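Q: Chain residues, written in single-letter form:
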Amino acid sequence: MTHFIPRLYPTTKAWLVLGIILCSIFIPGYWFQYSIFLVALVLAMLSGVAKRYTSLFLKSIFIISLFIFIIQTFLVYHDHIIGSWYIFKVSSTGLQASLTMTSKIVAIGAILIWFFQVTQVKDIAAAMQNAGWNKKLIFVMLSTMQLIPQMTSMMNTIADAQRSRGVETEGNLITRMKSFVPMLGPVVLTSIEQNEERVLTLESRAFSNRQRPTLMVPVNKTKADYLLSWIIIIIMLGIFYWGVFK
Amino acid sequence: MNPLIELNDVLYRYPLTRKSALRHIQFKVTSGMVMGIIGVNGSGKTTLCNVIRSFIPNFYQGDLQGTVTLKGKPLNQYSETELSQLVGYIFQNPFTQISGVKDTVAEEIGYGLENLGVSSKKIQKRVAKMIDLLNLSDIKDKNPFDLSGGQKQMVAIAAILAINPEIFIFDEPTSQLDPAGTTKIFKIIQQLKSQGKTVILVEHKLDLMMQYIDQLLVLDEQGQQIAWGKPEEILASFTENQTIALPTATRVYQRMAAQHLIPIATNKVPVTQDEIVQTIQNFQETR
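Just so you know, the sequences run in chain order A and B.
The end of the first sequence is residue 246 by my numbering, with every number in the run present.
The end of the second sequence is residue 287 by my numbering, with every number in the run present.
I should point out that these hints are in silico values taken from the structure, not numbers from a laboratory.
Among the clues, some could well be false.
As the list claims (entries may be wrong) - Here are the simulated lysine-lysine pairs, DSS-like style, with alpha carbons at most 25 Å apart:
1) K71/B / K193/B
2) K121/B / K122/A
3) K28/B / K71/B
4) K125/B / K197/B
5) K122/B / K193/B
6) K51/A / K104/A
7) K230/B / K71/B
8) K187/B / K197/B
9) K135/A / K221/A
10) K140/B / K121/B
11) K142/B / K122/A
12) K122/B / K221/A
13) K142/B / K121/B
14) K223/A / K121/B
15) K125/B / K142/B
16) K140/B / K122/A
17) K125/B / K193/B
18) K197/B / K73/B
19) K125/B / K184/B
20) K122/B / K142/B
21) K187/B / K125/B
22) K136/A / K122/A
23) K122/A / K122/B
24) K230/B / K28/B
25) K129/B / K193/B
26) K121/B / K135/A
27) K129/B / K122/A
28) K122/A / K135/A
29) K197/B / K129/B
30) K135/A / K122/B
31) K122/A / K125/B
32) K136/A / K51/A
33) K221/A / K121/B
34) K205/B / K28/B
35) K140/B / K129/B
36) K221/A / K125/B
Note that the coordinates shown come from a computational prediction; the quantities given were computed from them, not determined experimentally.
The following block holds chain A by itself, in its conformation from the complex (with noise of 0.2 Å):
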């Protein structure tokens, strides 16, 4: 059970968080929203990525969502106030918008987070040249993923360079300020410098067929995807309706 999550389809996962998002925002209240936490963490430990799943919860949406709630419950000003100390007032109405607004924000998040811990980006971008995206924008989207990574490595190298030479590149935050700001430069020209040859690259690969391009591993989706795909549809217009309309 372990492996087959991560295995499925990208799009019968795909179906599962559309559904999600769509439900957590059209079903009023915030228990449902709130409750996606939970199913997004009970799908990460079944998808063998718990752990990794709550840390990267508890460091994004959890902080942004106390913020949002600590914010909107006791410094905007709402009517039917429940309580005060010094300038904070509680109101009902400012709670009530305070767990509205944060539950959408964790359902969203948590079942987000659980797709790309689960989903690899060369599979989205598999199943999205499956379905005949344009590959020009795979293309920008796969090398933006790689994009973070290059300039680090980049910058790491320069690091090394101006450490050889005697630069303060360690410390206190000024002194990291001061080597990191003069690296900002030649890192973003090297990489505009290097997108020209890596044109010329990409033609000596045949980027410019216009015949539709296969896969070295194909990523197909399995009888089982098709099932899962319309049980999770099905599932999803069924909380949808008892959620919105009953």
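Keeping the supplied structure of chain A fixed, place chain B upon it in accordance with the hints.
A: Here is chain B on its own, set in the frame of chain A:
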């Protein structure tokens, strides 16, 4: 024999420059030939390769005069896809020869074939062959960006070999490689030659280059073609103190001839180690 590649009085000037990067380039390359290009830095060797691959004028604008034909057809009548299948280009800089969209070396090697719409089974077979040929099995699952310059160069060569074009342009392919890697590349060039492929080789390692090439083109610092022909014939008119470097065998021969240790030949000089040894042996036998 009809020429595979023919350049006729080619002259090229980069945009916004007054000085020509190439002047009066004129030669014919027949199928199965290994052609070497030498010249000092900035003499236009890479520019000439770009002309042959039609990156000039398709990618680099500028003023291109003269005619360039491939299989008797002007280059501008070929599509980019046709050219990528006909002419494989291995660039000088290994750091920009990675597509940037593949996670593993094996996938990187197969990228060109994917773009050409080759079936996955055929790609996997071809990639496995290339990995085997270039001894890349230790790094086949690594991210191409995590490789050293030499390893990246090997991957780039494998990626072009996988496409199996008719013509190969190697622009200083061994600049980042260790001696073992360099030997491997020249063995591959030898294999390509035996398979009847046409190879255009820009290389500064003259001693190695001379063992494999059939014809040599010499460019001066102005981008002007100063010699074209069989290396042993055209290098006979060059001396050691001229701007182009000479192979060790030719230099040894010229020094020995200058000291009257061996007779001076005006029309042919040894260009490889084997040839200089043979020349000395022949001379000793005739004494």
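Q: So which of the earlier hints does this model not fit?
A: 32
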